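Peer 1: Respectively, the protein sequence lines represent chains A and B. Take our numbering: the last position of the first sequence gets the number 203, and nothing is skipped along the way. Take our numbering: the last position of the second sequence gets the number 548, and nothing is skipped along the way.
I should point out that these hints are in silico values taken from the structure, not numbers from a laboratory. Careful: at least some of the hints might be erroneous.
[As the list claims (entries may be wrong)] Subject to a maximum C-alpha distance of 20 Å in a straight line, what follows is the list of computed DMTMM-like cross-link-like pairs (lysine to aspartate or glutamate):
1. A:K113 to A:E125
2. B:K371 to A:E37
3. B:K371 to A:D11
4. A:K183 to A:E198
5. A:K157 to A:E134
6. A:K95 to A:E108
7. B:K371 to A:E13
8. A:K95 to A:E140
9. B:K371 to A:E108
10. A:K177 to A:E191
11. B:K425 to B:E398
12. A:K95 to A:D122
Keep in mind that this is a model prediction, so the values were computed, not measured.
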Amino acid sequence: MTEPIVTIVDDDEAVRDSLALLLNFRGYRTRHFPSAETCLEAWRADWRGCLLLDLRMGGMDGLALQQALLQRGSTLPIVFLTGHGDLAHARAALKSGAIDFLEKPYEEADLLKAVAEAIERDTREYATHSHVAEIATRIERLSEREHQVMQLVVAGKPNREIAEELGISPRTVEVFKARMMEKMHARSVPELVRMAMEADVIK
Amino acid sequence: MPPIKLNISWRVLLAFGVASLLLDALSNPQTVLPLALAPWTPPPGLTLAFLLLYGLHYAPLLIGVTFLASMPIYGAPQDWLPALWAAGLLMLGLWGLAALLLKIWRIDPHLGSQRDMSLLLLVAVAAAWLDASVHVFSRSPEAAPDAWAWMADLVNFWVGALIRILIIAPLVLVHARVEWRAWRGWPIWDLLGEHNGGQTGGWNASREILLQGIAIAITLWIIFGFRYTDEFKFFYLLFLPMIWIAMRHGIQGATIALAASHVGINMILGWQGSHAITVVEFQMLMLGLAVTMLFLGMTVSARRAAEERLHQREAELNQAMRLAAAGEMAQAIAHELNQPLSAVANYARASRSMLADPARHGALLADTLEKIDREANRAGQVMRRLREFFRGGGLRSESFTLAGLINESLSYVKRRAERQNIVFKLALDENLPSINADRVQMGTVLHNLLTNAIEALAGGAEPGEIEISTQRAEDDLIQVCVTDNGSGISGEMEGRLFESFATSKADGMGLGLAISRTLVQAHGGELWLAGSQPTRFCFTLPISGPKP
Numbered sequence: 001m002t003e004p005i006v007t008i009v010d011d012d013e014a015v016r017d018s019l020a021l022l023l024n025f026r027g028y029r030t031r032h033f034p035s036a037e038t039c040l041e042a043w044r045a046d047w048r049g050c051l052l053l054d055l056r057m058g059g060m061d062g063l064a065l066q067q068a069l070l071q072r073g074s075t076l077p078i079v080f081l082t083g084h085g086d087l088a089h090a091r092a093a094l095k096s097g098a099i100d101f102l103e104k105p106y107e108e109a110d111l112l113k114a115v116a117e118a119i120e121r122d123t124r125e126y127a128t129h130s131h132v133a134e135i136a137t138r139i140e141r142l143s144e145r146e147h148q149v150m151q152l153v154v155a156g157k158p159n160r161e162i163a164e165e166l167g168i169s170p171r172t173v174e175v176f177k178a179r180m181m182e183k184m185h186a187r188s189v190p191e192l193v194r195m196a197m198e199a200d201v202i203k
Numbered sequence: 001m002p003p004i005k006l007n008i009s010w011r012v013l014l015a016f017g018v019a020s021l022l023l024d025a026l027s028n029p030q031t032v033l034p035l036a037l038a039p040w041t042p043p044p045g046l047t048l049a050f051l052l053l054y055g056l057h058y059a060p061l062l063i064g065v066t067f068l069a070s071m072p073i074y075g076a077p078q079d080w081l082p083a084l085w086a087a088g089l090l091m092l093g094l095w096g097l098a099a100l101l102l103k104i105w106r107i108d109p110h111l112g113s114q115r116d117m118s119l120l121l122l123v124a125v126a127a128a129w130l131d132a133s134v135h136v137f138s139r140s141p142e143a144a145p146d147a148w149a150w151m152a153d154l155v156n157f158w159v160g161a162l163i164r165i166l167i168i169a170p171l172v173l174v175h176a177r178v179e180w181r182a183w184r185g186w187p188i189w190d191l192l193g194e195h196n197g198g199q200t201g202g203w204n205a206s207r208e209i210l211l212q213g214i215a216i217a218i219t220l221w222i223i224f225g226f227r228y229t230d231e232f233k234f235f236y237l238l239f240l241p242m243i244w245i246a247m248r249h250g251i252q253g254a255t256i257a258l259a260a261s262h263v264g265i266n267m268i269l270g271w272q273g274s275h276a277i278t279v280v281e282f283q284m285l286m287l288g289l290a291v292t293m294l295f296l297g298m299t300v301s302a303r304r305a306a307e308e309r310l311h312q313r314e315a316e317l318n319q320a321m322r323l324a325a326a327g328e329m330a331q332a333i334a335h336e337l338n339q340p341l342s343a344v345a346n347y348a349r350a351s352r353s354m355l356a357d358p359a360r361h362g363a364l365l366a367d368t369l370e371k372i373d374r375e376a377n378r379a380g381q382v383m384r385r386l387r388e389f390f391r392g393g394g395l396r397s398e399s400f401t402l403a404g405l406i407n408e409s410l411s412y413v414k415r416r417a418e419r420q421n422i423v424f425k426l427a428l429d430e431n432l433p434s435i436n437a438d439r440v441q442m443g444t445v446l447h448n449l450l451t452n453a454i455e456a457l458a459g460g461a462e463p464g465e466i467e468i469s470t471q472r473a474e475d476d477l478i479q480v481c482v483t484d485n486g487s488g489i490s491g492e493m494e495g496r497l498f499e500s501f502a503t504s505k506a507d508g509m510g511l512g513l514a515i516s517r518t519l520v521q522a523h524g525g526e527l528w529l530a531g532s533q534p535t536r537f538c539f540t541l542p543i544s545g546p547k548p
């Protein structure tokens, strides 16, 4: 898992530089870009952390960058910084999922709170995301028989019925079930059911 | 159903009584036809106008007022029942016609358009017929022996009644909104020599009204004065002064002039003892004159109202654009200042953390302080640029007269002032030369001072008055002062007047006076508070323009 980094995009050099310096001293790693275009070019799907975007920039502005990133599937939380208390833009930005909207000049506490919240949300989302992916790979590794057995187990059927349905002996079912439970790293049937639900195998 | 509340004012009834007596005295219908009922029936034109203006529910009361008013002069009618019956019938008809105008055709009772006037004319024809029939039918049979004489009387009376309605109803309707309490400010008083310093061109306007009155009198003299010609040979001449008046004063002037000439002709006819036949022919001419003048006056008024609306909208647009430009500039300045300020704040916050371990961060701290200094300078430069924009560099000097600029500024605030019943007094030195200055900026200064004065007068008990005066202060200086008769400026506010963001208004920014003073100073002049009771602001401007 990559480390969370605060990505700063602002066309004013002093603002960019001072923000990075301040956030570094508050324990965050930062990277910064002088324009929306350079940021978009450098963007990679595995970026973690959050974005600090200036709303108004020459060329592509903050809102356009937000849209472009959303289109490419980025889930990075965005905090907007703006010099104008521009309600219409704020509404548009928040509607598209921006986490916060800070008006310059802002208090340090507000800035740190917004950044912390954004990073926390990203970490949480990433954790859920990777957990689900893990379960999915485990399910993929099951053999066809083991997969069938798992489906019937989480459907709540006893071994006898499973054997009948699959046309094999209850003993064989026991063997498949044990192997499946081991591959799924499930210690009990309820835990298996929870995993299946998280991975969206059953509703 | 909610209870209907009828609003009845004694003033309206009193006005109706006085006006109907006045009409009775002036028109004296006996000279035309000997009639039994005349004094006790409500005059139809006046009644129609009052019903339109004050409400249909006045109808029964107006009959009562007419009876009461005519009682002391004519005594009680001998056959009071038929008299009451005729008055009631006429009133019912007028009530129906007024209801038709108000509820079905929905005209503006103050006659705002040609359509209103046309519909009123139509209704007047019907009302006159009603008036004529009520009177002619209720006469004793021996007044008209045969059907022909009877018909002739009906038509004769009909035309006469129509003229009276056409003269009285529009006269009352278009003047009902005149602010009578402001009579002292009317330009007409200038004629009496009382100089009120007042409205621009006041003297000229009143002189013109005087000339128009004289013109009507001369025309009447030409029509009736020459004994050896037929009276109506020259009647068309009366159209000339009437057209002049209608063109200059719209429907208001046309209705007054019509009434005046009608009264004049009636008096001359009564005095000369004209024959009935002459009267009929005069009636036809008078009818033609009345209809022509009413429509001409209406056209002029409607066109003027349209022009006024256009001008007002233009002025509002101008003002809005000026405000938008100011707003845009404020936003640009805010952005320009925000960037270095946020950077300074960020650097300072980081520096505080560096101080926790100076040994390790010493070099970085020095570097950061250097950056803080640089950003503070950048903010300072924004301010310097802003000051240069206002001073010298941004000035577009042109030559203009202050009187012209003052009149333009007044036109922007006129409507607002009218709503608050504020009167402007001008005391302008007419010998002042043109000045060299930025016209837009000086307009902003004047506008600020005028709107401040208007806002200071809001909600005051006395009628508001704002005086604008210009005079030469020194060889090269002109002084402009704006004085209002509001409650004055508190001592606490006085000290902070010219500070930015100092305001006593609920929705004010407190920038008006600060900006105005900057603009005047940029021209080499000064703006100051010359008196706090009453409030007087003065500023000076060099005639030769700002020094480079």
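Peer 1: All hints, please: hold or fail.
Peer 2: Hints, verified against the model:
no.	hint	result
1	A:K113 to A:E125	holds, 18 Å
2	B:K371 to A:E37	violated, 27 Å
3	B:K371 to A:D11	holds, 17 Å
4	A:K183 to A:E198	holds, 17 Å
5	A:K157 to A:E134	violated, 26 Å
6	A:K95 to A:E108	violated, 25 Å
7	B:K371 to A:E13	holds, 11 Å
8	A:K95 to A:E140	violated, 37 Å
9	B:K371 to A:E108	holds, 18 Å
10	A:K177 to A:E191	holds, 14 Å
11	B:K425 to B:E398	violated, 27 Å
12	A:K95 to A:D122	holds, 18 Å
Hints 2, 5, 6, 8 and 11, counting from the list given before, are not met by this structure.
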